[in-house]
Amino acid sequence: MIWNSADLPDPFALRAKRVHEAEGRGRRAFAWFQAARHQGPLVWIVPAHAPEMPMLRGLPQGVAERLHLLRPVGETDLLWCVEETLRAAPIAFVIAEPAQHLSLTAGRRFQLAAEAGRTTGLMLVQTGAGSNATQTRWTCEPAASPHPDSTLHRWQLTKNKEGTFGDWTVNWHGAAAAFDMVSTAGQRHQPATAPG
Amino acid sequence: MAQGLSRGMALADARAICTDLATRPADLARDHAALASLRRWAGRYAPMVGADGADGLIADVSGVPHLFGGEADLRSDLHARLDRAGFTAVSAIAGTRGAAHALARHGGGIIPDGRLAEGIGRLPIIALRVNHDTAAGLARVGLMRIADLIALPRAPLARRFGQGLVMRLDQALGQHAEPVAATPDAPHFGVRMTLPDPIGLQSDVMAGLARLLDRLCVTLATHRMGARRVRLELRRVDRGVVVVEIGLARPMRDAGRIAALFVKGVDEVEAGFGIDALRLTAPVVEALAPEQLGAAQGDAQGEVQGDLLADMLSSLGNRIGFDRVLRLLPADSLIPERSQILAPAAYSVAEPSPVRRGPHRPITLFAPEPVAAAAGHPPRQFRWRRMRFTTLRAMGPERITPEWWFDDPTWRSGLRDYWRVETQEGPRLWLFVTPQSGGGFEASGAQAGAQNWPGASAQNWYVQGEFA
Numbered sequence: 001m002i003w004n005s006a007d008l009p010d011p012f013a014l015r016a017k018r019v020h021e022a023e024g025r026g027r028r029a030f031a032w033f034q035a036a037r038h039q040g041p042l043v044w045i046v047p048a049h050a051p052e053m054p055m056l057r058g059l060p061q062g063v064a065e066r067l068h069l070l071r072p073v074g075e076t077d078l079l080w081c082v083e084e085t086l087r088a089a090p091i092a093f094v095i096a097e098p099a100q101h102l103s104l105t106a107g108r109r110f111q112l113a114a115e116a117g118r119t120t121g122l123m124l125v126q127t128g129a130g131s132n133a134t135q136t137r138w139t140c141e142p143a144a145s146p147h148p149d150s151t152l153h154r155w156q157l158t159k160n161k162e163g164t165f166g167d168w169t170v171n172w173h174g175a176a177a178a179f180d181m182v183s184t185a186g187q188r189h190q191p192a193t194a195p196g
Numbered sequence: 001m002a003q004g005l006s007r008g009m010a011l012a013d014a015r016a017i018c019t020d021l022a023t024r025p026a027d028l029a030r031d032h033a034a035l036a037s038l039r040r041w042a043g044r045y046a047p048m049v050g051a052d053g054a055d056g057l058i059a060d061v062s063g064v065p066h067l068f069g070g071e072a073d074l075r076s077d078l079h080a081r082l083d084r085a086g087f088t089a090v091s092a093i094a095g096t097r098g099a100a101h102a103l104a105r106h107g108g109g110i111i112p113d114g115r116l117a118e119g120i121g122r123l124p125i126i127a128l129r130v131n132h133d134t135a136a137g138l139a140r141v142g143l144m145r146i147a148d149l150i151a152l153p154r155a156p157l158a159r160r161f162g163q164g165l166v167m168r169l170d171q172a173l174g175q176h177a178e179p180v181a182a183t184p185d186a187p188h189f190g191v192r193m194t195l196p197d198p199i200g201l202q203s204d205v206m207a208g209l210a211r212l213l214d215r216l217c218v219t220l221a222t223h224r225m226g227a228r229r230v231r232l233e234l235r236r237v238d239r240g241v242v243v244v245e246i247g248l249a250r251p252m253r254d255a256g257r258i259a260a261l262f263v264k265g266v267d268e269v270e271a272g273f274g275i276d277a278l279r280l281t282a283p284v285v286e287a288l289a290p291e292q293l294g295a296a297q298g299d300a301q302g303e304v305q306g307d308l309l310a311d312m313l314s315s316l317g318n319r320i321g322f323d324r325v326l327r328l329l330p331a332d333s334l335i336p337e338r339s340q341i342l343a344p345a346a347y348s349v350a351e352p353s354p355v356r357r358g359p360h361r362p363i364t365l366f367a368p369e370p371v372a373a374a375a376g377h378p379p380r381q382f383r384w385r386r387m388r389f390t391t392l393r394a395m396g397p398e399r400i401t402p403e404w405w406f407d408d409p410t411w412r413s414g415l416r417d418y419w420r421v422e423t424q425e426g427p428r429l430w431l432f433v434t435p436q437s438g439g440g441f442e443a444s445g446a447q448a449g450a451q452n453w454p455g456a457s458a459q460n461w462y463v464q465g466e467f468a
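Quick note, the sequences are listed as chains A and B, same order. Heads up: the first sequence begins at 1 in full-length UniProt numbering, then just goes up one per residue. Heads up: the second sequence begins at 1 in full-length UniProt numbering, then just goes up one per residue.
Honestly, the hints are just simulated from the structure, not real lab data. Keep in mind it's a predicted model, so treat the numbers as computed, not measured. Note that beta-carbon positions come from the ideal geometry of N, C-alpha and C, so glycine has one too. Incorrect hints may appear among the rest.
Unchecked claim - So the derived list for chain A, only partly shown, Cβ under 7 Å to chain B, looks like this:
1. 52
2. 57
3. 146
4. 166
5. 168
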């Protein structure tokens, strides 16, 4: 099914001026997906010791030129960077990969900073290392695709302060902000023949 | 000198004359710098001081000597001070620049007013700043000293030895004006302020800083420069000096925005019994042409956004280091590690990313990590990061050869065949194999032609990236 933004509200729109969390093996793909959907300067904060770096030629179109990469040494500097960039008005979207468990205090401070700076944030946390102050939490896993021309992602909304949970399988090829919803083969609870 | 050494002599000759001669290579840059600082110092004797050749200074002391008690006293004062500083100097005072130049290089002394011709008459002709050929030509016709020239008629002299000789002679005798031009000083980007009473409050220091910054920024604007680093030195009453230094993400001369970056540093300063002097310098400056402020509304908006972004980068860089605030720039290479550059954001501009074409590239790149228990080509099953993967689909190979003109230790294993491997567990990985290394080729002799990649079990597979 082709997702058409006209008929239903977009399930992956992150609430603006709040901080969200993503965990799971596919969290970086989810972050780049969100980065492609946000206009304006981007900040990606990774610890200096992290081996994983973004690869410019694999990023969605139009993302790399607005990207600022911060590599602070130590968790304190990383948290400071997150708060400072969330508080800065010109930044549109902040993505950070904290190495340690996010405390409730840190989570609350991020929310306040995001509100003050009118910036949206996304923390890529280890599984179970998030903070309870987050607006939403997404569990993201890459999924094996039955066809060679699809790139499936399973994105589950496992925590939501204002709304319901959800579970989507998405075909997103990683080059642009466009994506397709994949309908799952549902369990049939009704008889196959039409009643009456 | 006393033993007969002279400038321009060959080193071997000099050693032959003076066996215990100590020699050092000439350092022209430091000589020049020393002369420049000496020139600044010589400003105490005259308003106009300029460099005269590579080893001399010329000062216009008209109307000055009576302040020192006469020309002789001025000269002895100069020599006393230079001696104390360890300089060996020869000086001369004369009515014209040419005469002073000639005498200073041939003994030194003072030529009284109106006696120029007698004063320099005994000097050799080379003292007139003429070239060696002219001096040699004059010596051939028997003219050795300046006094010999003065008596001769000018027209035949000019016809035979050129106008230059006559001009130099006229300059030395004062018949041709030759002013002393002071070398312009390089602009100095530093201001200071001393206070009658020591201050200790943070707001007082910031107020003093604001006044200094206004003056510094005016100086910067005059010279069309922008500061890249700004250093504030606070001198305490007990003579201790506290230094607060900030960096800027781009050249800037906006006092308000620079002051904002000092707030944190000034907050940490230990004032002790108070601060009684402030000094503000810009050690690193860059050219910054005046900009027209955005005429259209849209431009002004963009300008403000850019300024805010630069301010944020400055404050980030001052805390975590400017080499950790980075930008990804594309580079022209097929080697994955070298296809992008991490450049400091403060010293680079964003470039549009290249159009995606060719084989897919992963979104995450890391140093190659070997996989274990790889079976098959491409591997049907493998272990990586303590997880077991089963290959669902593999696309490839894409062969990338090392750039032979760089000796990259990570590419010593030769060319690489890259595969995009989709696993049943979900992750889509970027694997490569190095066919030129490992046990593959030893085994190929035994099973030649049996399969394309014999010895596949001994191949080295690595993971280098993860796709979206």
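Evaluation of the provided hints:
Below 7 Å, beta-carbon pairs count as interface contacts, and residue 52 of chain A has one with chain B at about 5 Å; its hint therefore holds. This hint holds: residue 57 of chain A has a C-beta 4 Å from the nearest C-beta of chain B, less than the 7 Å allowed. Hint status for residue 146 of chain A relative to chain B: violated, with the closest Cβ pair at about 9 Å, above 7 Å. A distance limit of 7 Å between C-beta atoms decides the matter here; for residue 166 of chain A the minimum to chain B is near 19 Å, and the interface restraint is violated.
At about 15 Å, the closest approach between the beta carbon of residue 168 of chain A and any beta carbon in chain B exceeds 7 Å, and the interface hint on this residue is violated.
Going down the numbered hints, you'll see the structure goes against 3, 4 and 5, while the others check out.
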